[in-house]
Amino acid sequence: MANLLFYLFSAIVLGTAVLVVASKNAVNSAMFFLISLMGTACLFVLLEAYLLAVLLVLVYAGAVVALFLFIVMLLDMQGGERKPFSRATIVASVIAAALLGVGVMSFLKHGQIASPVLEANTPAVGAVLKLYAAQLFTTYLLPVQVVGFLLLIAMLGVIVLSKRFEGLEDIK
Amino acid sequence: MTIGLNDYLLVSVLLFAIGFFGVLLRKNTLIVYMCLELMLVATTVALVAFSRYNRTADGNVFVFFILTVAAAEVAVGLAIIVALFRRRQTVQLDELNALKN
Numbered sequence: 001m002a003n004l005l006f007y008l009f010s011a012i013v014l015g016t017a018v019l020v021v022a023s024k025n026a027v028n029s030a031m032f033f034l035i036s037l038m039g040t041a042c043l044f045v046l047l048e049a050y051l052l053a054v055l056l057v058l059v060y061a062g063a064v065v066a067l068f069l070f071i072v073m074l075l076d077m078q079g080g081e082r083k084p085f086s087r088a089t090i091v092a093s094v095i096a097a098a099l100l101g102v103g104v105m106s107f108l109k110h111g112q113i114a115s116p117v118l119e120a121n122t123p124a125v126g127a128v129l130k131l132y133a134a135q136l137f138t139t140y141l142l143p144v145q146v147v148g149f150l151l152l153i154a155m156l157g158v159i160v161l162s163k164r165f166e167g168l169e170d171i172k
Numbered sequence: 001m002t003i004g005l006n007d008y009l010l011v012s013v014l015l016f017a018i019g020f021f022g023v024l025l026r027k028n029t030l031i032v033y034m035c036l037e038l039m040l041v042a043t044t045v046a047l048v049a050f051s052r053y054n055r056t057a058d059g060n061v062f063v064f065f066i067l068t069v070a071a072a073e074v075a076v077g078l079a080i081i082v083a084l085f086r087r088r089q090t091v092q093l094d095e096l097n098a099l100k101n
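Residue numbers (the working numbering), protein chains in the order written: chain L, 1 to 172; chain X, 1 to 101.
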């Protein structure tokens with residue numbers, strides 16, 4: 001049963017990710033991105049990281065995708081005609097595809113990490129809510145502070161960026 | 001056959017590759033940005049899988065931080081895109097070539 005769910009959710013995640021890249025309209029891309037994120041949250045549930053699944057849905061599917069859709073609506077851009085790829089893009093894509101193919105092949109052939117066998121009755125660490133709090137307020141106290149400061153700086157940056165500055169030379 | 005760590009890692013690698021090709025091939029800045037986010041999500045899948053199968057909480061806590069940083073990054077990036085659109089009236093990557101010459 002769990003195997004079947006894993007295959008189903010991975011197929012959803014990967015298929016909609018391909019559609020994000022392939023679809024012409026930015027709104028369709030955002031919608032497929034949303035479905036892909038929901039599939040990832042389901043994978044997190046299969047891995048018994050329930051808090052992270054909820055956070056992924058709240059932060060990504062709730063805030064980030066809504067922001068993307070809002071910006072797409074605000075800019076009101078047309079899809080426009082697809083221009084043919086430049087030669088540099090084609091060369092870069094072929095090299096990247098070859099490297100990725102070799103990487104995945106070597107991973108499948110030699111990179112098999114001896115997967116620890118999970119007994120059915122061992123509780124997952126990610127499922128215990130108390131453990132996150134204990135880690136965040138002891139070992140990772142400084143990173144939590146730094147991340148809070150980062151969010152403050154990001155907020156200030158967005159406010160400054162969205163202000164209109166008069167009299168700036170346009171770059172042409 | 002039970003699902004092991006390697007299967008999750010394979011999904012993560014494939015998702016990362018799809019996002020990477022999106023960044024390479026698409027010309028619309030917003031879609032490039034979505035593909036960047038896909039790559040971040042792919043790394044979080046790998047981290048959670050490692051954390052689950054090695055029974056440590058560190059991977060999960062890292063995912064916590066990645067989510068925070070991604071939220072901040074999206075806010076700033078989209079503000080930059082809006083400012084760019086206001087100034088140049090386009091978000092297509094091949095028309096943004098002010099640094100070319």
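To be clear, the hints were calculated from the coordinates, so they are not data collected in a lab. On a predicted model such as this, the values are computed, not experimentally measured, just so you know. Check before you lean on any hint, since a few could be wrong.
Think about it this way: if two alpha-carbon atoms lie no more than 16 angstroms apart in a straight line, the pair counts; the simulated EDC-like pairs of lysine to aspartate or glutamate are [to be verified]: (1) Lys130/L x Asp76/L; (2) Lys130/L x Asp58/X; (3) Lys27/X x Glu73/X; (4) Lys27/X x Asp94/X; (5) Lys24/L x Asp76/L; (6) Lys109/L x Asp7/X.
Just a few of them, taken from the derived set where beta-carbon distance is under 8 angstroms, the chain L residues facing chain X [as the list claims (entries may be wrong)]: (7) Ala2; (8) Gly62; (9) Ala63; (10) Leu69; (11) Val72; (12) Met73; (13) Gln112; (14) Phe137; (15) Leu142; (16) Ala154; (17) Leu156.
The C-beta atom is built at its ideal place from N, Cα and C for all residues, glycine as well.
Outcome of the hint check:
With a C-alpha separation of about 45 angstroms, the suggested pairing of Lys130/L with Asp76/L is violated against the 16 angstroms cut-off. The hinted pair formed by Lys130/L and Asp58/X meets the criterion: a straight-line CA distance of about 14 angstroms does not exceed 16 angstroms. Among the hinted pairs, Lys27/X with Glu73/X is inconsistent with the structure: their alpha-carbon atoms are about 20 angstroms apart, more than 16 angstroms. Of the supplied pair hints, the one linking Lys27/X and Asp94/X holds, its CA atoms being roughly 7 angstroms apart against a limit of 16 angstroms.
Our distance criterion of 16 angstroms between C-alpha atoms is met by Lys24/L and Asp76/L, whose separation comes to about 14 angstroms. Taking the CA atoms of Lys109/L and Asp7/X, the gap is near 13 angstroms; set against the 16 angstroms cutoff, the hint holds. A cut of 8 angstroms between beta carbons decides the hint on Ala2/L: the least distance to chain X is about 7 angstroms, and the hint holds. Violation of the interface hint for Gly62/L is found here, the shortest Cβ-Cβ separation to chain X being roughly 10 angstroms, above the 8 angstroms cut-off.
Given hint, Ala63/L at the interface with chain X, holds; its Cβ is 6 angstroms from that chain's nearest Cβ, closer than 8 angstroms. Interface hint at Leu69/L: violated, since its Cβ lies 10 angstroms from the closest Cβ of chain X, which is beyond the 8 angstroms cut-off. About 6 angstroms separates the beta-carbon of Val72/L from the nearest beta-carbon of chain X, less than 8 angstroms, and the hint is met. Using the Cβ-Cβ criterion of 8 angstroms, the hint placing Met73/L at the interface with chain X is not satisfied: the shortest such distance is roughly 11 angstroms.
Annotation: Gln112/L was flagged as interfacial toward chain X, and the flag holds, the nearest CB pair being 6 angstroms apart, inside 8 angstroms. At about 11 angstroms, the closest approach between the beta carbon of Phe137/L and any beta carbon in chain X exceeds 8 angstroms, and the interface hint on this residue is violated. Because the closest C-beta pair between Leu142/L and chain X is about 12 angstroms apart, greater than 8 angstroms, the hint is violated. A least Cβ separation of about 4 angstroms between Ala154/L and chain X falls short of the 8 angstroms threshold, and the interface hint therefore holds.
For Leu156/L, the suggested interface contact is broken, since its CB lies about 10 angstroms from the closest CB of chain X, more than 8 angstroms.
In summary, the structure is inconsistent with hints 1, 3, 8, 10, 12, 14, 15, 17 from the numbered list given earlier, while agreeing with the others.
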